[in-house]
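Undergrad: Here's the letter readout for the chains.
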Amino acid sequence: DTAVSQTPKYLVTQMGNDKSIKCEQNLGHDTMYWYKQDSKKFLKIMFSYNNKELIINETVPNRFSPKSPDKAHLNLHINSLELGDSAVYFCASSQENRGSEETQYFGPGTRLLVL
Amino acid sequence: DQQVKQNSPSLSVQEGRISILNCDYTNSMFDYFLWYKKYPAEGPTFLISISSIKDKNEDGRFTVFLNKSAKHLSLHIVPSQPGDSAVYFCAARAGGGADGLTFGKGTHLIIQP
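For the protein sequence lines, the chains are R and F, in the order given. According to our numbering, the residues represented by the first sequence are 3 to 117, in order. According to our numbering, the residues represented by the second sequence are 711 to 823, in order.
Keep in mind that the hints were calculated from the coordinates and are not lab data. If you're wondering where the values come from, they're calculated on a predicted model, not measured in any experiment. One should not assume that every hint holds.
Said to hold, decoys possible - To list a few chain F residues with every Cβ distance to chain R over 12 Å, as calculated:
hint, residue
1, Q724
2, D765
3, S784
4, I820
Said to hold, decoys possible - Part of the chain R face toward chain F, derived, beta carbon under 8 Å:
hint, residue
5, L45
6, I47
7, T105
8, Q106
9, P110
Unchecked claim - Distance condition first, Cα-Cα at most 30 Å in a straight line; then the derived DSBU-like pairs of lysine-lysine:
hint, chain 1, residue 1, chain 2, residue 2
10, R, K24, F, K815
11, R, K42, F, K778
12, R, K11, R, K46
13, F, K715, R, K42
14, R, K42, R, K24
15, F, K815, F, K764
16, F, K715, F, K815
17, R, K11, F, K715
18, F, K715, R, K43
19, F, K815, R, K69
20, R, K21, F, K815
21, R, K54, R, K73
22, R, K38, R, K54
23, F, K815, F, K781
24, R, K21, R, K42
25, R, K46, F, K815
26, R, K42, F, K781
27, R, K43, F, K766
28, F, K764, R, K46
29, F, K781, R, K43
30, R, K43, F, K778
31, F, K815, R, K42
32, R, K38, F, K815
33, R, K38, R, K69
34, R, K46, F, K781
35, F, K766, R, K46
36, R, K69, R, K11
37, R, K46, F, K715
38, R, K21, R, K69
39, R, K38, R, K73
40, R, K69, R, K43
Built from N, CA and C at the ideal position, the CB exists for glycine as well.
Given only the sequences and the hints, what does the whole structure look like? Please build it.
TA: And the structure:
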């Protein structure tokens, strides 16, 4: 069983469209994340959610909005897609416990191409 | 501003020899460091980690060394195997809780037969 799964794996869409990427984890973790890997291959944190509460939000445009229907899911909605949104988006999860050594586990990635 | 730097984009090592991947960081608040391995078209896979209170952590063929005064860590793989060919990312976190990881740009390790 895949611990962290994402759908779709590939997404090709036109500029201006609205799209969603889904993420599910079956590890029982209470924190989930979205990362973006751009053309320069940097992996950068976008959001994290802990018990349905947004914990951090880096300088991400408000066209991006995470939605967590429950602890096992964190979906990423993107409105008015732009060319620069083309990237690989990774979902991750971890069991947070302040002061301990938590490891984040990553999904396989969603390759988004905006035309 | 890159807080985690992997200055070698690629590294080629002969099978059976030791692979040493390096990582430097600038943020003195980082207290937990991780190495991830990534194959093409897959997500990063956790490999090994080290807390800032330690200077070495070993797991099988993989050992991570941390030099806090130099703000430097390294991953040693010995002996290197063909399946080790992948991109290796160094990552760091500041503080506990639901903080995101700060990643380096990665080093592409190629194991030559």
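Undergrad: For each hint, tell me whether it holds in the structure or not.
TA: Going down the list of hints, with the structure as the test:
| no. | hint | result |
| --- | --- | --- |
| 1 | Q724 | holds, 26 Å |
| 2 | D765 | holds, 15 Å |
| 3 | S784 | holds, 19 Å |
| 4 | I820 | holds, 16 Å |
| 5 | L45 | holds, 4 Å |
| 6 | I47 | holds, 3 Å |
| 7 | T105 | holds, 5 Å |
| 8 | Q106 | holds, 6 Å |
| 9 | P110 | holds, 5 Å |
| 10 | R:K24 with F:K815 | holds, 26 Å |
| 11 | R:K42 with F:K778 | holds, 28 Å |
| 12 | R:K11 with R:K46 | holds, 19 Å |
| 13 | F:K715 with R:K42 | holds, 14 Å |
| 14 | R:K42 with R:K24 | holds, 24 Å |
| 15 | F:K815 with F:K764 | holds, 24 Å |
| 16 | F:K715 with F:K815 | holds, 7 Å |
| 17 | R:K11 with F:K715 | holds, 29 Å |
| 18 | F:K715 with R:K43 | holds, 13 Å |
| 19 | F:K815 with R:K69 | holds, 28 Å |
| 20 | R:K21 with F:K815 | holds, 28 Å |
| 21 | R:K54 with R:K73 | holds, 7 Å |
| 22 | R:K38 with R:K54 | holds, 20 Å |
| 23 | F:K815 with F:K781 | holds, 17 Å |
| 24 | R:K21 with R:K42 | holds, 23 Å |
| 25 | R:K46 with F:K815 | holds, 10 Å |
| 26 | R:K42 with F:K781 | holds, 24 Å |
| 27 | R:K43 with F:K766 | holds, 28 Å |
| 28 | F:K764 with R:K46 | holds, 26 Å |
| 29 | F:K781 with R:K43 | holds, 23 Å |
| 30 | R:K43 with F:K778 | holds, 26 Å |
| 31 | F:K815 with R:K42 | holds, 8 Å |
| 32 | R:K38 with F:K815 | holds, 13 Å |
| 33 | R:K38 with R:K69 | holds, 16 Å |
| 34 | R:K46 with F:K781 | holds, 21 Å |
| 35 | F:K766 with R:K46 | holds, 27 Å |
| 36 | R:K69 with R:K11 | holds, 19 Å |
| 37 | R:K46 with F:K715 | holds, 14 Å |
| 38 | R:K21 with R:K69 | holds, 13 Å |
| 39 | R:K38 with R:K73 | holds, 21 Å |
| 40 | R:K69 with R:K43 | holds, 25 Å |
Taken one by one, the earlier hints all hold for this structure without exception.
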